[in-house]
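**Q** Assemble the complex: chain A is given as a structure, and chain B must be docked to it using the hints.
Chain order of the listed sequences is A and B. According to the numbering used here, the stretch in the first sequence is residues 657 to 1201, in order. According to the numbering used here, the stretch in the second sequence is residues 248 to 565, in order.
Hint data in this document are derived by calculation from the structure and do not stem from the laboratory. This one's a predicted model, so the numbers in the text were calculated from it and none came from an experiment. Every residue gets a Cβ at the ideal spot worked out from N, C-alpha and C, and that includes glycine. Misleading hints may appear alongside valid ones.
Computed footprint of chain A on chain B; a stretch qualifies when at least three of its residues, placed anywhere within it, have a C-beta under 8 Å from a C-beta of chain A [unchecked claim]:
hint	stretch
1	456 to 467
2	492 to 504
Label pairs and their in silico Cβ distance ranges [what the hints assert, rightly or not]:
hint	chain 1	residue 1	chain 2	residue 2	range
3	B	Leu556	A	Thr808	38 to 48 Å
4	B	Ala260	A	Thr808	33 to 43 Å
5	B	Gln459	A	Ala789	32 to 42 Å
6	B	Leu561	A	Thr672	39 to 49 Å
7	A	Arg1194	B	Leu561	51 to 61 Å
8	A	Asp773	B	Glu317	17 to 27 Å
9	A	Pro1028	B	Gln459	45 to 55 Å
10	A	Leu1109	B	Gln459	29 to 39 Å
11	B	Gln459	A	Ile683	19 to 29 Å
12	B	Leu428	A	Ala1074	56 to 66 Å
13	B	Val357	A	Thr808	38 to 48 Å
14	A	Pro1028	B	Val524	28 to 38 Å
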Amino acid sequence: MAETLLQIRNLRIEATAYPPGEPPQDIVIVDDVSLTLEKGRVLGLIGESGAGKSTIGLSALAYGRGGVRITGGEILLNGRDLRKLRPAGMRAARGREVTYVAQSAAAAFNPAKRLIDQVIETTLQHGLMPRTAAEMRAVELFAKLGLPDPETFGKRYPHQVSGGQLQRAMTAMALCPAPDLVIFDEPTTALDVTTQIDVLAAIKEAIADTGVGALYITHDLAVVAQVSDDIMVLRGGKTVEYGPVRQIIEAPQQDYTRALVSVRGIEHEEKTPTAEPVLSVKGVTARYSGTRFDVLRDISVDLSPGQTLAVVGESGSGKSTLARVITGLLPPSQGEIVVAGRQLSPDLKSRTREDLRELQMIYQMADTAMNPRHTVGTIIGRPLEFYFGLKGAARRKRVQELLDEIEMSEGYIDRYPAELSGGQKQRVCIARALAAKPKMIICDEVTSALDPLVADGILKLLLNLQKIEQVAYLFITHDLATVRAIADSIAVMYQGEVVRYGTKSEVLAPPFDDYTDLLLSSVPEMKLGWLEEVIAHRKMESAGH
Amino acid sequence: MNIVLKLVAQRIALGILLLLAASVLIFVGTNILPGDVAQSILGQSATPQALANLRAELGLNQPAYLRYLEWLGGVLHGNLGHSLTNGQDIATAISGRLANTLFLASVAAVIAVPLAVTLGLIAVRYRDRWPDKLISAITLTSVSLPEFLLGYIVIYFLAVKFHVAPSVATIYPGMSLLQKLHAVILPALVLVLVVQGQMMRMTRAAVLNLMQSAYIETAELKGLRPFLIIARHAFPNAISPIINVVMINLAYLVVGIVVTEVVFTYPGMGQYLVDHVAKRDIPVVQASALIFAAVYIGLNMLADVVSILTNPRLRHPK
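With the rest of the complex left out, here is chain A (with noise of 0.2 Å):
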């Protein structure tokens, strides 16, 4: 029987809340969790946002964020209670017996300090070791997490080096003091998908060396799937199936378990590109001012009416600049857009009414993209005011109308922003593009920050509403489920030019060039064994060539 490291009995986490308008409110975010975890072994944490998976994590850490109190139930941690711990008894266990991998490393670290310093503060500060040694296990880490040139790497600043590197440095920075327990908090979310899968190896290897015992938190169920023995489901603070993970993925017991095991599972035919394209992009070729290097390199795509084409690539990949070109916030050096058959002028400020009703947007960050002051209804009814000049009871009967598109009933018209889920928000987003009754909008990334279930509604509605309206989407994205759900065409690109562009089943379909073939190789799978397989697959092909 191996030895226990954590147990936590009937964890309750409560937080105060401050509804507008309203009395402040306590709200239970953790309810009655119970889990156990021994030594050495790995448990994954899934759920939605909200679900209060990195509240129970930092709970682990006898830390509340924000305002959240612990207000039931035991943290056991080697044993002993850390809710009956004083402030100094739990400094003494953070960093020395549990330590913390944060979702966005580039955050976490401290940007006027070097990464050495930062690495083995920890190990310093609890006097666990003298400097030098510190330095020696920090390199033997850097080294052993795949990071490059390990002895000098410590010497720069977090600026100085890539994300996904960062969010290594942050795993060895947690395994430096040689802890029982280290908590994953999202650690590969903010990554690329490429540099993902390197990353969960390398973490999952050195969880397996240093015999550390790890809480694993995601919203990706794949991904937990691939490091962990145990699986827990949260959703809204409660448990909802919490088993072996091999049960968990192969055998599901909740419907909400199944619900997560099968997201994803639209089925969109592909439709056949016409002659006549909605949207032409000949030869872009772009660049920002003041810089040196073309960001865009003669991009050709087409976009047919009534259909979506997907541009998919990685952060930096370029695909957000060619948004902005489309939109003419970025007129390019050389090539043309052409709408319905008419060129465009390059540039935002001289483009016709008309030209900017065609084409319309929708972001990644809803929040952002509304006025927080203005009602839905103020939102929806600006463009069909500007567009059509439609006002008072017609423009409130178009707003109704719209509402219904978007499966919103009437009663939200009068709400605010800030009163609507993540969801709604992009709902109402996606409807006030319509309103301007567009050929074409551009989807940037618009499902990226929701949750997969969400997301899927999402997607869903843009499937419909394509029926309905007849718009056609170019959606940005670098998530190739996503692609796989609703695109006609596709479109790859990799450092600012398309690598690879055809209808979803050509593009899909294999030979593959080397670097689409990389990024659909690492996307994870909902199965056991999927990131061994890829891995030990990748490393026989580099000792082939």
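**A** Positioned in the frame of chain A, the structure of chain B alone reads:
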């Protein structure tokens, strides 16, 4: 390192340009003052001939831009001209005064800056608890009181009642450093009370602003003590806004302490300037104004340079 050098060079060039603009303003400003220098020197009973002669002698008949260029040329050679009222060489007269002012300002700064920053950090550590409130209350009170009142209060208690320090801060060449320090205890104390409030508030606000950062949470989860987190992780990232307020206050210590100098009859720049404004001694006013402008611009330039140097993104480019 190239970027940093370029930015610093830019700041310095801008500073010089600004100083040049300030010199124009000073010259124009002093020339549109009502009244006639010759008249004020010779008095109401002067004959028109005598006035004309004096004007010619002072070069007042030349066009303004020529007089400006002449003045500027002199300044660049270290020649600030001669006082109209007593004929003294201004550079010589001012240098002693300026040295006194800088001495008093440095004494006040050496105490006030570390004190304000430390108090600010302590206020963050105990935010919204009694040490924070006490520090805020004391600093706000001392900032709100006018300087002359503060001056008389410290004179009453420290000079008259308890004889800690002299009420008249006379210093002269030949005094030892210790004697000088003893002489300026009270004015320095008043200046510290006046300037530390703003610096402390800025330190508190700038550091508090960073306490919500993810890297502060990282430090907390490392098990570091609260004050260590503030001093080691928050403060280095707050230097830029703090240094700007510090420099403005240092500039104030040099150019804005007329009242304190008068209260303690301290022989500094402020008194010198006030005396000569009253006498309509234009060259002295111009010289003093130019020096004050140089101090202001110089210190703010220094703040910019320090901000640039403490930014790791600029110091260590990718």
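**Q** Decide, hint by hint, whether the structure agrees.
**A** Going down the list of hints, with the structure as the test:
1. 456 to 467: holds (count 7)
2. 492 to 504: violated (count 0)
3. B:Leu556 to A:Thr808: 38 to 48 Å: This hint is violated: roughly 23 Å between Cβ atoms.
4. B:Ala260 to A:Thr808: 33 to 43 Å: Since Ala260 of chain B and Thr808 of chain A have Cβ atoms about 36 Å apart, the given range 33 to 43 Å holds.
5. B:Gln459 to A:Ala789: 32 to 42 Å: holds, 34 Å
6. B:Leu561 to A:Thr672: 39 to 49 Å: For Thr672 of chain A against Leu561 of chain B, whose Cβ atoms are near 42 Å apart, the range 39 to 49 Å holds.
7. A:Arg1194 to B:Leu561: 51 to 61 Å: violated, 39 Å
8. A:Asp773 to B:Glu317: 17 to 27 Å: violated, 57 Å
9. A:Pro1028 to B:Gln459: 45 to 55 Å: The hint (45 to 55 Å, Cβ to Cβ) is violated, given that Pro1028 of chain A and Gln459 of chain B are roughly 20 Å apart.
10. A:Leu1109 to B:Gln459: 29 to 39 Å: holds, 30 Å
11. B:Gln459 to A:Ile683: 19 to 29 Å: holds, 21 Å
12. B:Leu428 to A:Ala1074: 56 to 66 Å: Roughly 59 Å apart at Cβ, these two residues keep to the hinted range, so it holds.
13. B:Val357 to A:Thr808: 38 to 48 Å: holds, 40 Å
14. A:Pro1028 to B:Val524: 28 to 38 Å: For Val524 of chain B against Pro1028 of chain A, whose Cβ atoms are near 53 Å apart, the range 28 to 38 Å is violated.
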